[in-house]
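*Asks:* Start from the sequences and build out the full structure, keeping to the hints where you can.
4 protein chains.
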Amino acid sequence: MDYVMVKYIKNKPKLKNPILIEGLPGIGNVGKLAVEHLIDSIKATKFAELYCKDFPPQVFINTDGTTELVKNEFYYWKAKEKKQRDLILLTGDYQGLSSQGQYELCEKILDIAEEFKVKELYTLGGYGLGQDISSPKVLCAATNKNLIKNIKKQGAIFKKNEPGGGIVGASGLLLGLGKIRGFEGVCLMGETPGYLVDPKSAKAVLNIIMNITNLKVNLSALEKKAKEIEQIAQQLKEIETHTRDKSEELKYIG
Amino acid sequence: MDYVMVKYIKNKPKLKNPILIEGLPGIGNVGKLAVEHLIDSIKATKFAELYCKDFPPQVFINTDGTTELVKNEFYYWKAKEKKQRDLILLTGDYQGLSSQGQYELCEKILDIAEEFKVKELYTLGGYGLGQDISSPKVLCAATNKNLIKNIKKQGAIFKKNEPGGGIVGASGLLLGLGKIRGFEGVCLMGETPGYLVDPKSAKAVLNIIMNITNLKVNLSALEKKAKEIEQIAQQLKEIETHTRDKSEELKYIG
Amino acid sequence: MDYVMVKYIKNKPKLKNPILIEGLPGIGNVGKLAVEHLIDSIKATKFAELYCKDFPPQVFINTDGTTELVKNEFYYWKAKEKKQRDLILLTGDYQGLSSQGQYELCEKILDIAEEFKVKELYTLGGYGLGQDISSPKVLCAATNKNLIKNIKKQGAIFKKNEPGGGIVGASGLLLGLGKIRGFEGVCLMGETPGYLVDPKSAKAVLNIIMNITNLKVNLSALEKKAKEIEQIAQQLKEIETHTRDKSEELKYIG
Amino acid sequence: MDYVMVKYIKNKPKLKNPILIEGLPGIGNVGKLAVEHLIDSIKATKFAELYCKDFPPQVFINTDGTTELVKNEFYYWKAKEKKQRDLILLTGDYQGLSSQGQYELCEKILDIAEEFKVKELYTLGGYGLGQDISSPKVLCAATNKNLIKNIKKQGAIFKKNEPGGGIVGASGLLLGLGKIRGFEGVCLMGETPGYLVDPKSAKAVLNIIMNITNLKVNLSALEKKAKEIEQIAQQLKEIETHTRDKSEELKYIG
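Chains as they are written, first to last, in my numbering: chain A, 1 to 254; chain B, 1 to 254; chain C, 1 to 254; chain D, 1 to 254.
Wrong hints could be hidden among the right ones.
Pairs involving identical chains hold if they fit within one copy or between any two copies, as the list cannot separate such chains.
[Said to hold, decoys possible] Below, computed lysine-lysine pairings styled on BS3-like, alpha-carbon distance capped at 30 Å:
#, residue 1, residue 2
1, Lys237, Lys10
2, Lys71, Lys237
3, Lys71, Lys159
4, Lys160, Lys7
5, Lys71, Lys246
What the hints contain is simulated information worked out from the structure, not anything from laboratory work.
*Replies:* Given below as C-alpha cells:
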C-alpha cells in the first residue's frame with residue numbers, strides 16, 4: 001500500500017464540471033457534520049475510499065460487528081436541475097496526524113479532483129470562539145478576491161484578520177495547495193464554541209452551501225441534534241457550577 | 001536493512017491451508033500471553049524473525065548474557081489430527097511505535113501470510129474496562145457477518161457498539177488492511193481491567209481459540225500466573241487504601 | 001509536490017556575485033524582523049517561494065480575504081553603487097518543524113544559493129538571555145576564523161563559549177551544511193530577552209548588516225515598533241507584579 | 001545529502017584486522033567520556049565524520065568562533081606492539097533522535113565497519129542505578145556466550161537479568177543489528193547514578209578496555225574530572241537538603 005491509497009468501489013462516475021465539497025473532522029466537527037448531512041439528504045453515492053499510513057492504526061466496528069479500516073470517503077451526486085452542479089463530496093474519520101501526512105493526503109485529494117476536472121473547491125470547517133454563541137455566523141476566505149465578493153452575497157461574512165491564525169488542517173491546505181495547482185477555492189467556517197460537536201454551526205454552513213449549489217436540504221435532523229447537544233452543554237455547565245460552589249464552600253470551612 | 005525486514009531462520013515450512021493467529025503486546029498483554037502460551041503448549045517451531053526501524057532501538061539480554069534485537073517472531077505448527085488446521089503463530093516484543101510503522105509492519109505480516117496462502121486471520125487482544133472483572137468475557141469483531149455468527153458459537157460474544165473506539169493497533173489493523181487484500185479475519189478481545197498483565201483474560205481468549213482450532217491446551221500455567229497477578233493487584237490496592245487513609249488523617253490534622 | 005518545492009514567480013534574476021541574507025522566525029523573531037525591514041527599505045523584489053511538507057498544514061489569510069499557503073520567500077536586490085553587492089534575501093513564515101525537515105529545507109536553500117553562485121551566507125537570529133537588556137550587542141560565529149576578524153571590525157562581538165548551546169535552527173544549519181559544500185558564512189545573533197518579538201535587537205543586527213553591505217537603511221520604523229513592544233512588556237510586568245502581590249495577600253489572610 | 005552522510009577527511013587508512021570501539025552520548029555520558037579519553041591518550045587520528053538528518057539542526061561553536069555541524073566522528077589508531085590491535089574509535093555529539101534515525105545511523109556505522117573488515121565491536125555505555133555508588137562495576141552483554149566468558153576474565157561482570165530493560169540506544173543496537181550481519185560484539189556498561197556525567201564510571205570501563213586491548217592509558221585526567229564532579233554532586237545535595245529543611249520549617253509555621 002502506498003502512503004495514501006485510493007480504492008474505487010464503483011466504476012468512476014462520469015461527472016460534468018463538478019465542484020468538490022470537503023468536510024473532514026475538525027473544531028466542533030462542523031465540516032464533517034455538514035457534509036455528512038448533505039450526503040444523507042441528497043442521497044449521494046459513495047464511489048471511492050482513501051486510506052493513509054498517517055491515519056491512526058485503527059478499525060471501527062459497524063453495528064453488525066464488522067470492521068472498517070479508518071478512511072476518508074468520496075461520494076458523487078448528479079445535478080437534477082439546470083441551475084445545479086454535479087458534486088463530489090469528501091468526508092471521513094480522520095485528517096492526517098502529522099504535517100507531512102496532511103500534505104500527502106491533500107495532494108492525493110487534489111489528484112482525484114483533477115482527474116474529475118474539478119475547478120472549484122469548497123472546504124467546510126469550524127471557527128472556534130471559545131465561548132457560547134447564539135446564532136453562529138459563517139466566515140469565509142478564498143483563493144481570490146472575486147470569490148469573496150460572490151460568497152458574501154450568499155450569506156457568508158468576511159472579517160479582516162479573522163481567523164487570526166489562518167486556517168489549519170485540510171480545509172486550509174486544500175486551498176493553499178490547490179491554488180498552486182490552479183484550483184479556485186472557498187473555505188466556509190462556521191462560528192462555534194468548539195467544546196462539543198456543533199450541529200447548529202453545521203446548519204449555518206449548510207445554509208450557505210444550499211445557496212451556492214441551489215440545493216434544498218431538509219435541516220430538521222441537524223436542528224434536532226443541535227437541541228440534544230444544547231441540553232448536554234447545559235448539563236455540563238450545571239455540573240461545573242455545582243462543583244465550583246462546593247469547592248468554594250470547602251474553602252470557607254477550611 | 002529495509003524499514004521492515006524478515007529473516008528466515010529455517011527453510012520455509014510447507015503448510016497446508018494454514019490460519020494465522022496474532023498476539024502482540026497490548027492492553028493487559030492479553031494477546032501476547034495467549035499466543036505465547038499456545039506456542040509453548042503445542043511446541044510450535046520458530047521459522048522467521050521480523051525486525052523494524054519503527055521498533056525501539058533496543059536489545060534485550062538473554063539469561064546467558066547474549067543480546068537479542070527486539071523483534072516479532074513467526075512460529076508454525078502442523079496439524080496432528082484431521083479436524084485440526086496448520087497454524088502460523090505471531091508474537092513479539094513490540095508493535096510499531098508510530099502510525100506509519102504500524103501500517104508498514106502489518107502490511108509485511110500480510111505479505112508473509114499471503115506467501116503461505118493464509119486465508120484466515122485470528123488476532124488476539126484485550127478490551128480494557130478500567131475496573132475489576134471476575135470472569136472476563138471475550139468480545140469479537142470480524143471482517144464479515146458470517147464469521148461473527150460462527151465465532152459466537154465458539155463462546156465469544158458480540159456487544160453492539162463495543163469497543164466504542166474500535167480496535168487500535170495490530171489486532172485491528174491486520175483485519176482492516178487484510179480485508180482490502182481479501183483476507184477473512186476475526187479479532188478476539190478478552191475483557192481486562194487493563195492495569196496489569198492479565199493471564200486470566202488470556203485464558204478466556206485461549207478457550208475460544210481451542211474451540212476454533214480443535215486443540216487441547218493445558219491452561220494450568222496461565223491459571224498459576226493469574227493467581228500471582230491477583231495477589232500483586234491485591235497488595236497494590238492495600239497500599240493505595242493505606243496511603244489514602246493516611247492522607248485523609250493528615251487533612252484533619254492540618 | 002516534493003518534500004520541499006521551489007516555485008519561481010518571476011524569471012530567475014541575473015545576479016552578480018550575490019550574498020545571501022537569511023532571517024527566518026526564531027527567538028525574539030530577531031532575524032525575521034531584520035530581514036523583513038531590509039526588504040521593505042531597499043524595495044527588494046520577490047522572485048521565488050518555497051513550500052515544505054514539514055511546515056504546518058496551514059494557510060494565512062491576507063487582509064483582502066485571500067489565502068496564502070505558509071512558505072519561505074526569496075527576494076533579490078541589485079547593487080546601486082560600486083561598493084555594494086547584489087543581495088538574495090530569505091525570510092518566511094516558519095522553519096521546518098522536525099529535525100529532518102530542517103535539514104531538507106536548508107539543503108534546498110543551499111541548492112538555490114549555489115544556482116545563483118552565492119559564496120557567502122549571512123544568517124540572522126536572536127540570542128536569548130532570559131532577562132532584560134538595555135542595549136543589545138550582536139554576537140557572531142562563522143565558518144572560518146578570518147570572517148570572525150572581519151565581522152568584529154563591523155561592530156559584532158565574539159564571546160568565547162557563547163552561545164554555549166551552539167546555534168539551533170536554520171541560522172546554524174545553513175552554516176553547518178554550507179561549510180561542507182564550500183560556502184563561507186557568518187551568523188549574527190542579536191541579544192534579546194527572548195520573551196517577545198524584539199525590534200530593538202533586530203535594529204542592532206541591521207546596523208552590522210548595513211556596515212557589511214554598505215547600505216543605508218532608515219531604522220525609524222523598527223525604533224517605533226521597539227517602543228510599542230517596550231510598553232507591552234512594561235504592562236505585562238505590572239500585571240505580573242500585581243498578581244503576585246494579590247497572591248501574597250491571600251496567603252496572609254489564609 | 002543522504003539521510004546519513006559519511007565525509008572522509010583523510011585518505012582511508014589501511015588497517016589490519018581492526019576492532020571498533022563505540023562511545024556515544026548516553027546515561028552519565030560514560031561511553032563518550034571513555035572513548036574521548038582513549039582518543040586523547042593514544043593520540044588517535046580522525047579520518048571521517050558522519051552527519052545525519054536525525055541529529056538536531058544545530059552547530060556548535062569552537063573556541064575560535066568557528067561553527068561545527070553536529071556529527072559523529074571516526075578515529076583510527078595503529079597497533080604499536082604485537083599483542084595490540086588496530087583500532088577504530090567512534091564518538092560524537094549525538095545519537096539519532098528517533099527510532100528510525102537510530103537504526104539508519106547504526107546501519108551506516110556497520111557499513112563503515114564492514115568496509116574496514118572489522119569483525120569485533122565494543123560498545124561502551126552507562127548502566128543507570130539511580131543511586132550513589134562508590135566503586136562502579138562494569139556489566140557486560142555480548143552477541144555470543146563465549147565472549148561473555150572472555151570478557152569476565154578481563155574484569156567485567158555479568159548479572160542475570162541486568163539491565164532488566166535490555167540496552168537502549170546505539171550501544172545496544174550496534175550489537176543487535178551487527179549480530180544479524182555477522183559481527184561479534186560486546187557491550188560494557190559502567191554502573192552510574194546517572195544524574196551527572198560520570199568520569200569515575202568511564203574510568204572503570206576504560207580499565208576493562210585496557211585489559212582487552214593491551215593498551216596502557218593514563219587515567220589521571222579522568223580521575224581529576226571525577227573529583228570535580230563529586231564536589232558538584234555534594235553541593236547539589238547540600239542545596240537540596242537545605243531547601244527541604246526550609247520547606248519543612250514553613251510547614252510547621254503554616
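*Asks:* How do Lys71 and Lys237 come out at 30 Å by Cα distance, when the copy is not named: within, between, both, or neither?
*Replies:* neither (34 Å within a copy, 42 Å between copies)
*Asks:* Measure nothing new, just compare the shortest in-copy and cross-copy C-alpha distances for Lys160 and Lys7 to 30 Å and report within, between, both or neither.
*Replies:* between (41 Å within a copy, 28 Å between copies)
*Asks:* Please sort Lys237 with Lys10 into within, between, both or neither, judging by C-alpha distance up to 30 Å.
*Replies:* neither (47 Å within a copy, 56 Å between copies)
*Asks:* Regarding Lys71 and Lys246, is the shortest C-alpha distance of 30 Å or less found within a copy, between copies, in both, or in neither?
*Replies:* Neither way: Lys71 and Lys246 sit 45 Å apart in one copy and 50 Å across, limit 30 Å.
*Asks:* Within a copy, between copies, both or neither: which one fits Lys71 and Lys159 at a CA-CA cutoff of 30 Å?
*Replies:* Between copies, since 23 Å is at most 30 Å while 34 Å is not.
Comparing the model with each earlier hint shows violations of hints 1, 2, 5; every other hint is respected.
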